[in-house]
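Required output: the full structure, derived from the provided sequences and hints.
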Amino acid sequence: MADYRINMPETVAPGELIEIRTLISHPMDNGHMYDANGQLIPRKIINTFYVTYNGTEVFRANMHPAQAANPFFHFFALARESGTFEFTWVDDDGTVYSGTQDITVE
Amino acid sequence: MSSLTNLDRRGFMRLAGGVAAISFVRVTPLAATEAEGLDIPEHIRPLLEEAFGGWDLTPGRISIDLPIIAETGLSVPITLSVASPMTEADHVRRIMAFVPGNPEYICADYLIGPATGRAEVSSRIRIARTQSIIAAALMSDGSRWGSAFEITVTRGACIDEIFLPDLEAIEERERRRQENLLNESGGE
Numbered sequence: 009m010a011d012y013r014i015n016m017p018e019t020v021a022p023g024e025l026i027e028i029r030t031l032i033s034h035p036m037d038n039g040h041m042y043d044a045n046g047q048l049i050p051r052k053i054i055n056t057f058y059v060t061y062n063g064t065e066v067f068r069a070n071m072h073p074a075q076a077a078n079p080f081f082h083f084f085a086l087a088r089e090s091g092t093f094e095f096t097w098v099d100d101d102g103t104v105y106s107g108t109q110d111i112t113v114e
Numbered sequence: 004m005s006s007l008t009n010l011d012r013r014g015f016m017r018l019a020g021g022v023a024a025i026s027f028v029r030v031t032p033l034a035a036t037e038a039e040g041l042d043i044p045e046h047i048r049p050l051l052e053e054a055f056g057g058w059d060l061t062p063g064r065i066s067i068d069l070p071i072i073a074e075t076g077l078s079v080p081i082t083l084s085v086a087s088p089m090t091e092a093d094h095v096r097r098i099m100a101f102v103p104g105n106p107e108y109i110c111a112d113y114l115i116g117p118a119t120g121r122a123e124v125s126s127r128i129r130i131a132r133t134q135s136i137i138a139a140a141l142m143s144d145g146s147r148w149g150s151a152f153e154i155t156v157t158r159g160a161c162i163d164e165i166f167l168p169d170l171e172a173i174e175e176r177e178r179r180r181q182e183n184l185l186n187e188s189g190g191e
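Chains as they are written, first to last, in my numbering: chain A, 9 to 114; chain B, 4 to 191.
Hints in this document: simulated from the structure, not taken from any laboratory. What you are looking at is a predicted structure, and each value in this text was computed from that prediction instead of being measured. Some hints here could point you the wrong way.
Sample of chain A residues facing chain B (criterion: CB under 7 Å; computed from the structure) [what the hints assert, rightly or not]:
no.	residue
1	P22
2	L25
3	T64
4	V66
5	F67
6	R68
7	A69
8	N70
9	H72
10	A76
11	F80
12	F81
13	H82
14	F84
15	L86
So the derived label-pair ranges between C-beta atoms look like this [to be verified]:
no.	chain 1	residue 1	chain 2	residue 2	range
16	A	G63	B	G40	38 to 46 Å
17	B	I71	A	D11	26 to 34 Å
18	B	P80	A	T96	19 to 27 Å
19	B	P106	A	G23	42 to 50 Å
20	B	E52	A	R29	29 to 37 Å
Glycine residues also receive a C-beta, built at the ideal position from the N, C-alpha and C atoms.
Written out as structure tokens, the structure reads:
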């Protein structure tokens with residue numbers, strides 16, 4: 009489960025904005041829906057998503073049931089030095105999905 | 004022959020693109036329109052109070068990009084952007100958006116800072132029904148800004164009746180199945 013996609017440039021100039029798009033597959037069950045048998049589907053969403061750039065947090069999203077399924081985010085980060093972006097998604101059940109992406113700043 | 008049938012694919016896409024472009028709007032409220040701050044529903048105030056340390060918002064600076072009409076509320080693209088230089092001295096700390104007509108009211112909560120470079124985040128949200136969406140931004144100097152946007156939702160998400168099981172249809176199906184079984188066994 010939980011396939012993710014990270015889309016960002018591999019090389020940027022210093023001081024430039026890095027455009028980042030992320031997508032993770034997750035049903036984001038909001039706890040208000042019923043299945044075909046009339047049973048309430050319990051809440052199970054990814055509640056937190058955060059991104060660090062060489063250890064510094066650049067973006068954090070606290071997610072709520074109003075987040076659509078397969079959470080998608082499009083945001084920016086300021087290019088400082090070459091390094092690694094770490095992307096972390098935290099599920100309600102405690103599961104952590106994470107991925108990294110290297111970037112060259114020159 | 005009508006002109007529509009003469010359209011080639013490229014022409015059609017241009018037309019479709021034009022229609023799509025019209026249905027998206029950007030709302031940037033003028034600070035002068037509401038002197039007494041933004042109208043915040045009663046049940047949203049404690050959430051703002053907790054996150055921002057106060058619920059009153061000055062109209063302006065934050066803009067919401069949303070379609071005017073959402074055919075389905077299950078996944079509505081939203082872009083929240085704040086006019087800010089995003090420097091150490093002057094930046095946006097937190098962006099939030101509220102859907103007062105949903106069973107749970109927070110639809111966006113982003114923590115950003117100078118390392119983010121630009122105060123603009125896009126995502127997709129669920130909207131239960133036609134309502135006014137409120138966006139709010141907390142600046143590094145502690146000031147709070149907000150704007151509201153009315154969206155029309157044709158088919159809602161979350162608790163709308165279309166997602167509740169259609170018990171009558173299930174019963175009807177079961178009854179027909181039983182009838183078929185009876186007919187089959189009767190025929191033998």
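We went through each hint and held it up to the structure:
| no. | hint | verdict |
| --- | --- | --- |
| 1 | P22 | violated, 12 Å |
| 2 | L25 | holds, 5 Å |
| 3 | T64 | holds, 6 Å |
| 4 | V66 | holds, 4 Å |
| 5 | F67 | holds, 6 Å |
| 6 | R68 | holds, 4 Å |
| 7 | A69 | holds, 5 Å |
| 8 | N70 | holds, 4 Å |
| 9 | H72 | holds, 4 Å |
| 10 | A76 | holds, 4 Å |
| 11 | F80 | holds, 5 Å |
| 12 | F81 | holds, 5 Å |
| 13 | H82 | holds, 4 Å |
| 14 | F84 | holds, 4 Å |
| 15 | L86 | holds, 3 Å |
| 16 | A:G63 x B:G40: 38 to 46 Å | holds, 39 Å |
| 17 | B:I71 x A:D11: 26 to 34 Å | holds, 33 Å |
| 18 | B:P80 x A:T96: 19 to 27 Å | holds, 24 Å |
| 19 | B:P106 x A:G23: 42 to 50 Å | holds, 44 Å |
| 20 | B:E52 x A:R29: 29 to 37 Å | holds, 33 Å |
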